[in-house]
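2 protein chains.
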Amino acid sequence: MAEKDSRRKSREKRKAGLRELLRVPGGERVDLSSYDTDSVPLGPGDKSAGKAATSRMGEHLADLQERLFAASTAGDRRRVLLVLQGMDTSGKGGTIKHVIGFCNPSGCRVRAFQAPTEQERAHHFLWRVEQSLPRPGELGIFDRSHYEDVLVARVRELAPREEIERRYDEINRFEKTLADDGTTVIKCFLHISYEEQRRRLLKRLDRPDKHWKFSPSDIDDRALWPAFQEAYSIALERCSTSYAPWYVIPSDHKWYRNWAVGRLLLEHLRELDPQYPKPDFDVAGCRGRLLAQ
Amino acid sequence: MAEKDSRRKSREKRKAGLRELLRVPGGERVDLSSYDTDSVPLGPGDKSAGKAATSRMGEHLADLQERLFAASTAGDRRRVLLVLQGMDTSGKGGTIKHVIGFCNPSGCRVRAFQAPTEQERAHHFLWRVEQSLPRPGELGIFDRSHYEDVLVARVRELAPREEIERRYDEINRFEKTLADDGTTVIKCFLHISYEEQRRRLLKRLDRPDKHWKFSPSDIDDRALWPAFQEAYSIALERCSTSYAPWYVIPSDHKWYRNWAVGRLLLEHLRELDPQYPKPDFDVAGCRGRLLAQ
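Going down the list, the sequences are from chains A and B.
When we follow my numbering, the leftmost residue of the first sequence carries the number 1, and every step to the right adds one.
When we follow my numbering, the leftmost residue of the second sequence carries the number 1, and every step to the right adds one.
A few of these clues could be false.
[Said to hold, decoys possible] FRET-style restraints, in silico, Cβ to Cβ:
| id | chain 1 | residue 1 | chain 2 | residue 2 | range |
| --- | --- | --- | --- | --- | --- |
| 1 | B | Gln275 | A | Arg121 | 44 to 52 Å |
| 2 | A | Pro160 | B | Gly75 | 28 to 36 Å |
| 3 | A | Leu32 | B | Arg156 | 57 to 65 Å |
| 4 | B | Gly93 | A | Trp127 | 49 to 57 Å |
| 5 | B | Asp36 | A | Arg207 | 22 to 30 Å |
| 6 | A | Asp181 | B | Asp36 | 27 to 35 Å |
| 7 | B | Trp127 | A | His124 | 22 to 30 Å |
| 8 | B | Asp169 | A | His123 | 33 to 41 Å |
Hints listed in this document are in silico derivations from the structure and should not be mistaken for laboratory results.
Source: prediction; values computed, not measured.
Cβ atoms here follow ideal geometry from the backbone N, Cα and C, with glycine treated the same way.
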């Protein structure tokens with residue numbers, strides 16, 4: 001009976017779309033080991049179907065992105081912020097290349113967050129994030145984000161524990177303000193397994209054209225894998241909210257990761273349903289003036 | 001004999017690549033009416049060949065862009081700044097969509113310059129430009145630029161004439177500093193005819209999904225066409241320098257414009273010849289550590 005119930009729930013989730021399926025409920029303890037990293041819960045079932053589906057999605061994404069941008073020229077303040085987080089090699093950069101690559105670069109604002117500079121450290125941790133937010137009509141993409149301040153900062157004790165504890169609420173308030181101001185916040189945790197990370201790091205070492213992506217510090221971070229997973233669990237539990245939910249993306253398969261992030265973005269853009277603005281000028285009159293010129 | 005000479009010169013130019021062919025000599029009076037807007041001086045000869053050639057160029061652009069970015073992680077400060085200028089509908093946005101669209105969004109910094117805000121006007125006209133420059137390893141793209149301050153500013157007398165006159169030298173000094181600091185500056189004037197602009201503006205009026213790109217003020221600007229062409233001529237004459245040359249791109253054919261700008265970018269990137277950095281860590285040692293983890 002319980003199994004039947006769970007199957008029904010799962011069917012309902014599928015119907016509700018990928019968002020419902022991958023969304024972290026929030027407020028509940030998150031056990032990341034119970035989330036498959038190599039599953040393909042909805043959508044295409046294999047690599048070639050996945051790549052084809054992602055490619056087909058490209059033009060819909062580009063079309064909706066153009067509409068979002070067009071709407072902003074008539075005062076629509078809505079915009080989208082895609083936050084990508086995950087362990088080294090989880091594919092934050094690859095997702096940007098293969099999914100955001102479909103979009104018009106003019107409407108995208110990509111920002112990669114590294115260890116804060118001296119100037120950034122002198123400010124509140126959200127200061128540098130505020131500088132990088134998408135403007136109305138834009139699609140903003142964060143490759144890492146303010147979550148580093150409760151992830152690596154927690155694991156490596158870069159701030160006093162009570163300050164770290166305060167930050168979760170600060171992040172929630174910050175994201176509530178973004179949402180109220182018309183920003184659709186989509187936060188994706190690209191979830192890979194410990195073994196898959198090893199394979200990818202080894203591949204980086206095997207290929208001279210990938211060496212630049214590798215740093216010995218990646219191995220030091222990897223030694224802290226359980227602590228990082230724990231830090232992610234806490235962030236997902238405390239900061240997956242109705243106005244800025246977290247999604248766990250099974251990311252051992254790059255093609256599935258790309259499809260799933262693209263699909264999430266598409267579902268959100270479709271819901272926003274941005275419209276080309278109606279002209280606020282006399283079209284026929286302008287045509288006449290042009291023909292007379 | 002003169003004709004033979006001119007044919008020989010033209011052949012030599014072709015061999016030297018698109019750069020030599022389209023580059024404005026600088027320091028000489030520029031007569032824009034002598035530059036064809038619908039010619040296809042080098043490269044593919046028709047639309048379908050042009051589109052195919054541009055598409056093939058895409059992966060080379062993406063490869064070199066990745067190398068440029070990779071090199072920056074090892075201290076290479078080189079970067080590229082592509083400046084796009086042209087009358088309304090000349091295709092600044094289209095070029096970004098169709099050419100820069102091949103590149104990895106993570107390594108691109110696109111900035112569109114509109115009429116300066118109150119804050120921007122309170123600063124020197126180059127201030128907002130400095131905020132928007134590409135970082136080492138990046139490809140920066142300006143949709144309009146500091147040249148607006150000697151173009152629309154000159155035509156509409158937005159500043160005293162003696163200040164406008166001073167700006168050409170200020171721009172040259174600014175661009176010299178950029179070049180000395182490792183920035184390859186590529187400035188493209190997308191050159192269309194008066195008739196082609198009319199066709200494109202009419203098309204924007206005909207299509208509801210293009211209305212947002214139209215503004216009645218475009219017609220007012222168009223009425224000042226000769227003054228704008230003159231302002232462009234002066235800017236090209238005074239600011240096409242060895243360290244930051246101007247190129248006139250025949251832009252009546254969108255497919256040729258895309259191919260030509262892509263090709264210019266490609267020629268410059270090939271000359272920069274950025275290399276993946278050599279590892280500054282012990283590859284075998286790291287592999288061993290990873291396998292033991």
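Hint check results:
no., hint, in the structure
1, B:Gln275 with A:Arg121: 44 to 52 Å, "violated, 33 Å"
2, A:Pro160 with B:Gly75: 28 to 36 Å, "holds, 34 Å"
3, A:Leu32 with B:Arg156: 57 to 65 Å, "holds, 59 Å"
4, B:Gly93 with A:Trp127: 49 to 57 Å, "violated, 32 Å"
5, B:Asp36 with A:Arg207: 22 to 30 Å, "violated, 46 Å"
6, A:Asp181 with B:Asp36: 27 to 35 Å, "violated, 49 Å"
7, B:Trp127 with A:His124: 22 to 30 Å, "holds, 25 Å"
8, B:Asp169 with A:His123: 33 to 41 Å, "holds, 37 Å"
In this structure, the earlier hints numbered 1, 4, 5 and 6 are contradicted, and the remaining ones agree with it.
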